[in-house]
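J.: All chains should be built: construct the whole structure from the sequences, respecting the hints.
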Amino acid sequence: MCADCGALEPDWASLNLGALLCIECSGVHRNLGVHISKVRSLTLDVRVWEPSVINLFQSLGNMFVNNIWEDMLPDDNSSADGSDTSQYLSVSKPKHKDVFSAKEKFIHAKYVDKEFIRKRSMDENQLAEQMWNSVAANDKKTAYSLIVRSRANVNLVYGEMPSSPFLTLGKALQQEQPVSPPDGSPKFFDCNSHDKISPREPLSPASTSSRTDDMEDGCEGLSLLHLACRVADVGMVELLLQYGASVNMNDSRGRTPLHHCILKGRHRHAKLLLSRGADSQAMDRDGRTALQYAIDGGTSDEDILALLEDHSR
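Under UniProt numbering, the first residue of the sequence shown carries the number 1, and numbering increases by one thereafter.
Hints may be right or wrong, so weigh each one.
In silico DMTMM-like links for lysine to aspartate or glutamate, alpha-carbon gap of 20 Å or less [to be verified]: (1) Lys-119 with Asp-71; (2) Lys-105 with Glu-70; (3) Lys-105 with Asp-71; (4) Lys-97 with Glu-9; (5) Lys-114 with Glu-50; (6) Lys-95 with Asp-11; (7) Lys-119 with Asp-75; (8) Lys-38 with Glu-104.
Have a look at the derived ranges for each label pair, beta carbon to beta carbon [claimed, not checked]: (9) Ser-121 with Gly-298: 43 to 51 Å; (10) Asp-98 with Leu-44: 21 to 29 Å; (11) Met-1 with Ser-121: 49 to 57 Å; (12) Val-46 with Gln-126: 40 to 48 Å; (13) Gly-287 with Phe-64: 40 to 48 Å.
Think of the hints as simulated: they come from the structure by calculation, not from any bench.
Quick reminder that beta carbons are idealized off the backbone N, C-alpha and C, glycines included.
T.: This is the structure in structure tokens:
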């Protein structure tokens, strides 16, 4: 159903909001501007529906999206005790047969004025920690909620917050990530490693402490997008990009998210970044591009090699 009026079989969508819409409501969204809602057709804009976008929509869904954007909107304008609450609202949710102006008023209140969001205030460090950990856990719903409700910074950088680390690195060494990507990327978040870490490898307290110190050094300068490219799926990368994550941000070693994708063998992620403006000619502090790492790594993915070469010309 349409996220805004309940019309059946919606054939439009807002890419950044993760919501399916009917054609009439999509027209209102289009008038809001792309900084509010990026509207595309499910049937006409075929190229838009990349695996990353489909993954994001499947992970969210209209019900969850509305739980965020309409959290303060009572069902049928009635409170739990049956009393009328419409008098406290500037606008009520329209039905699919309602006039266009009613839908327009509601959609503006919902997405521009954010009238029905239950905003959650938290201190900067707590918000940063929750956002970092949601990306590390590939929890797109929590990340989306933090972005919408608390205006979380999608360009958050590890090591730039006043208090130390958002992610408990020692715990990260011993805790398997919930996502096991099929393209051979590691199951642990290890900033320094380019190899897969065995989940059954025993770690003594001393070795864990040493590894944690090494990881803290290696994590310096990593953005949320760097992290997503290493441990999350393409849907999380899509979410961050939709909300303005910098595709060419450098970490402390001068490496972009594209460098990390190639070093981890995450070629689907790399292809997504290239389609969104990633600079394949960017060099890290060792003077190496993503293409050079791909060649040196002996990748057999001809598609990614061709894309990296094409973008380098």
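J.: Taking the hints in turn, state whether each one holds.
T.: Do the hints match the structure? See the list:
1. Taking the CA atoms of Lys-119 and Asp-71, the gap is near 9 Å; set against the 20 Å cutoff, the hint holds.
2. Simply put, Lys-105 and Glu-70 have alpha-carbon atoms about 14 Å apart, close enough for the 20 Å limit, and the pair holds.
3. Distance hint between Lys-105 and Asp-71 is fulfilled; the C-alpha atoms sit about 18 Å from each other, no more than 20 Å.
4. For a cut-off of 20 Å, the pair hint linking Lys-97 to Glu-9 stands: about 14 Å separates their Cα positions.
5. Note on Lys-114 and Glu-50: the hinted pairing is violated, with a Cα-Cα distance of about 29 Å set against a maximum of 20 Å.
6. Proximity of Lys-95 to Asp-11 is assessed by CA-CA distance (about 17 Å); at most 20 Å being required, the pair is judged to hold.
7. Distance check on the hinted pair: Lys-119 and Asp-75 sit about 19 Å apart at the alpha-carbon level, within 20 Å; holds.
8. A C-alpha spacing of about 16 Å is found between Lys-38 and Glu-104, which places the hinted pair at or below 20 Å, so the restraint holds.
9. Roughly 50 Å separates the CB atoms of Ser-121 and Gly-298, a value that falls within the hinted 43 to 51 Å.
10. The given range of 21 to 29 Å is respected by Asp-98 and Leu-44, whose C-beta atoms sit roughly 26 Å from each other.
11. Roughly 32 Å separates the CB atoms of Met-1 and Ser-121, a value that falls outside the hinted 49 to 57 Å.
12. For the pair Val-46 and Gln-126, the supplied restraint of 40 to 48 Å holds, since their beta-carbon distance comes to about 42 Å.
13. The hinted range of 40 to 48 Å is satisfied by Gly-287 and Phe-64, whose Cβ atoms lie roughly 45 Å apart.
Consistency with the previously given hints fails for numbers 5 and 11, ordered from lowest to highest.
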